[in-house]
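Chains as they are written, first to last, in numbering that gives the first Met the number 0: chain A, 0 to 251; chain B, 0 to 431.
Just to be clear, a hint being listed does not mean it is correct.
Unchecked claim - Derived DEER-like restraints, expressed as beta-carbon distance ranges:
#1 A:V87 - B:K412: 30 to 38 angstroms
#2 A:W242 - B:S348: 48 to 56 angstroms
#3 B:A393 - A:Y240: 42 to 50 angstroms
#4 B:R129 - A:V87: 46 to 54 angstroms
#5 A:R4 - B:A393: 31 to 39 angstroms
#6 A:V87 - B:K162: 37 to 45 angstroms
As the list claims (entries may be wrong) - Derived contacts from chain A toward chain B, CB cut-off under 10 angstroms, selection only:
#7 V87
#8 G91
#9 Y102
#10 L137
Unchecked claim - Derived list of chain B stretches under chain A, where covered just means 3 residues or more per stretch with a C-beta under 8 angstroms from a C-beta of chain A:
#11 181–189
#12 384–391
In short, the hints are calculated from the structure, not lab data.
Quick reminder that beta carbons are idealized off the backbone N, C-alpha and C, glycines included.
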Amino acid sequence: MLEIRDLHAGVGDKPVLKGLNLRVGPGEVHAIMGPNASGKSTLAHVLAGREGYTVTAGQALYRGKDLLAMSPEDRAREGVFLAFQYPVEIPGVGNAYFLRSAYNAIRKHRGQPELDAADFLKLLKEKAKLVQMTEALLSRPVNEGFSGGEKKRNEMLQMLVLEPTLAVLDETDSGLDIDALRVVAEGVNHLRSPERAVVVITHHQRFLHYVVPDRVHVLYDGRLVKSGGKELALELEEKGYAWVEKEMANVP
Amino acid sequence: MSQETLEAKDHYVGEFERTGRALPAFEALRRQGIERFAALGFPRGREEAWRFTDLTPLTEIPFRPASGTANPAQFAGLAKGPLKACQIAFVDGRYAPAFSSLDLPPGVRISSLAAVFRDDPKRVEPWLARLAAPDGNPFASLNTAFMNDGVFIFLPKGAEFPKPIHLLFLSSLHGEAYMTNPRVLVVAEESARASVVASYLGPAGGGYFTNAVTEVFLGEDAALDFTKVQRESHEAFHFETLQVHQARGANFTHHSISLGARLARNDFTATLDGEGADCTLYGLYEVTGGQHVDHHTTIDHAKPYGTSRELYKGVLDGRARGIFDGKIVVRPAAQKTNAMQTNKNLLLSKDALVNTKPQLEIFANDVKCKHGATIGQLDEAVLFYLRSRGIGLAEARRLLIHAFVSEIVDTVKNDAVRSQIGGCYGLLMGRA
Chain A
0 MLEIRDLHAG
10 VGDKPVLKGL
20 NLRVGPGEVH
30 AIMGPNASGK
40 STLAHVLAGR
50 EGYTVTAGQA
60 LYRGKDLLAM
70 SPEDRAREGV
80 FLAFQYPVEI
90 PGVGNAYFLR
100 SAYNAIRKHR
110 GQPELDAADF
120 LKLLKEKAKL
130 VQMTEALLSR
140 PVNEGFSGGE
150 KKRNEMLQML
160 VLEPTLAVLD
170 ETDSGLDIDA
180 LRVVAEGVNH
190 LRSPERAVVV
200 ITHHQRFLHY
210 VVPDRVHVLY
220 DGRLVKSGGK
230 ELALELEEKG
240 YAWVEKEMAN
250 VP
Chain B
0 MSQETLEAKD
10 HYVGEFERTG
20 RALPAFEALR
30 RQGIERFAAL
40 GFPRGREEAW
50 RFTDLTPLTE
60 IPFRPASGTA
70 NPAQFAGLAK
80 GPLKACQIAF
90 VDGRYAPAFS
100 SLDLPPGVRI
110 SSLAAVFRDD
120 PKRVEPWLAR
130 LAAPDGNPFA
140 SLNTAFMNDG
150 VFIFLPKGAE
160 FPKPIHLLFL
170 SSLHGEAYMT
180 NPRVLVVAEE
190 SARASVVASY
200 LGPAGGGYFT
210 NAVTEVFLGE
220 DAALDFTKVQ
230 RESHEAFHFE
240 TLQVHQARGA
250 NFTHHSISLG
260 ARLARNDFTA
270 TLDGEGADCT
280 LYGLYEVTGG
290 QHVDHHTTID
300 HAKPYGTSRE
310 LYKGVLDGRA
320 RGIFDGKIVV
330 RPAAQKTNAM
340 QTNKNLLLSK
350 DALVNTKPQL
360 EIFANDVKCK
370 HGATIGQLDE
380 AVLFYLRSRG
390 IGLAEARRLL
400 IHAFVSEIVD
410 TVKNDAVRSQ
420 IGGCYGLLMG
430 RA
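The shape of chain A in the complex, shown without the other chains (with noise of 0.2 angstroms):
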């Protein structure tokens, strides 16, 4: 599904990831963890191909294609989603108008019809029950005026609705009450599928008590320094990161 190979990449001349290596399977969740500043936001960027980033050497490939050398668009069309880690507030454009330009734009690119206001309004509130968002959010200018949790529900209604083949979280459970918390776990879990697979990207242990991973990998100074079963995320929790930090320090 995904293969990242040896992947280096920065902001501007600044050097974040420094040879990235991680395999995902159909199905598989995984989730990264790391301190802050390890490069976990550069990585999921990288993956959407946000400008700014640039990669100076390996490759990440999704399905066998080069995903970087892929537009943002085609990448989304082509079935790869990130979940935003701070989403924009859009004035001006209606939430389900511009969910249903999405999910039309890859539609077309899939070649199948394209859905009319009123088909999308219908599974539009179905997927929206799943994530507790009430149809005034649904109407409302994308994110704005929403709440910090309304924001991460929203990105849960997109993934829904867009039925991504990988889903890329980024921090998607930072600044969540419990609540909210196991709304968004039930999103994700409600998308996992044999066909599918996860990368959730987290700071904190608790998120993958709802989100139960395959494996645990963590992400320290722009590498994958570890990786377990979910067993490693406890022992993340138990002895803080301040433990890989010490393990590394001893690695000649």
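With chain A's structure known, arrange chain B on it following the hints.
Leaving out everything else, chain B in the frame of chain A:
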């Protein structure tokens, strides 16, 4: 004074001497107009109000008053009133009955000014050139000297006009560089209500000069919704002096939709001359290439409890230039005035330029006045967000531009006008 400006001025004075005698009625007024114009000449960059608007391209062309020989057939498609409104049309400044359909309730009068000048000039004398006086700005003076047709709308006390009144000013394509001086006079007596749409249209390639003057008198509690849609040829020069006088409780709402012309200049003045008068000015300009659009507004609060709002938004591409200069005057008597002014601009290219300048002159102490201006580009973070959801770059830009202009477009009450404007910015933004 430069030689060119001198010659340009003399050209129009000469045209007046040559053709002025044939113009109908108001001889003394016309004489005052041309004398005033001769004294002022075309404004130059030294004058504060013209600092950002260079008139050299206008003064280089010797426009002559339109001779009225246009073939109206080229506008056949517009004959039956695209807005399903009561319509009065003009081709090259002359009343075109073939494109007009007037079905008026009793007491309401909408007529061509040429007919009034010919048959009953006394009818308009109490109002004509009382606001856009012949001692005013040079363009209004020039119009007063040459005016030969236009519209007179009279709404008697309490009249409610259900359909919009469409004033359609068409400019034709022909060899000569010509000038038209459309004159509009709207008089609404106490509690009369109506909506007016004024469209200025010209075919691509038409290099003409429209010099319009609009005077509006609103009696007590009268309400007028006035929408101007300017889609002149991109080679044309468009000027309008709009002067509004509002009595107690009168309500005036205006939209200035400016899409066409090589150079467009709008001088709008509203005087709130009675307690509790309300004035709202909306503006939307969308320009590209080498287009230049200039809005100068003055809202003069002369009496207490007046409210005014201004929201002007601009989208500029290419090397286009936009100017917004908004003056709010609050006279000593105008206590409890509430005035708000906003100008927002979206630049789509590095070469587009905007000058925005609020001016507040407040002589009363118990008032609320706010103003603000912004100039920005499409937000890269928002564009990326849209693209990351599968929406292509061109469509993402279109969505954001649409969102920016819809704040103005959505306030246009007339459905037909709103969708017409919608179509226009669609065309422009197709290039974005």
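Taking 42 to 50 angstroms as the hint, is the beta-carbon distance of B:A393 and A:Y240 inside that range? 44 angstroms, holds
Would you check whether A:V87 satisfies its interface hint, that is, whether its CB is within less than 10 angstroms of any CB in chain B? 5 angstroms, holds
Per the coverage rule (Cβ-Cβ under 8 angstroms, at least three residues), is the segment 181–189 of chain B covered by chain A? violated (count 0)
How about the segment 384–391 of chain B: do at least three of its residues have a C-beta closer than 8 angstroms to a C-beta of chain A? That given contact holds, which follows from 8 residues of the segment 384–391 of chain B lying within Cβ reach (below 8 angstroms) of chain A.
Supplied distance hint 46 to 54 angstroms, evaluated on CB atoms of B:R129 and A:V87: 52 angstroms, holds
Evaluate the given range 37 to 45 angstroms for the C-beta pair formed by A:V87 and B:K162. 44 angstroms, holds
Should the interface hint for A:L137 be scored as holding, given a Cβ-Cβ cut-off of 10 angstroms against chain B? 15 angstroms, violated
Quick check on A:G91 please, does its C-beta sit within 10 angstroms of some C-beta on chain B? 3 angstroms, holds
Could you see if the CB distance from A:R4 to B:A393 stays within 31 to 39 angstroms? 33 angstroms, holds
Using the beta carbons of A:W242 and B:S348, state whether their distance is inside 48 to 56 angstroms or not. Hint holds: Cβ distance 53 angstroms, inside 48 to 56 angstroms.
Interface hint status, A:Y102 versus chain B (Cβ within 10 angstroms): Given a least distance of 8 angstroms, the restraint on A:Y102 holds.
Take a look at whether the Cβ-Cβ distance between A:V87 and B:K412 falls inside 30 to 38 angstroms. 32 angstroms, holds
This entry does not satisfy hints 10, 11, going by the numbered hints stated previously.
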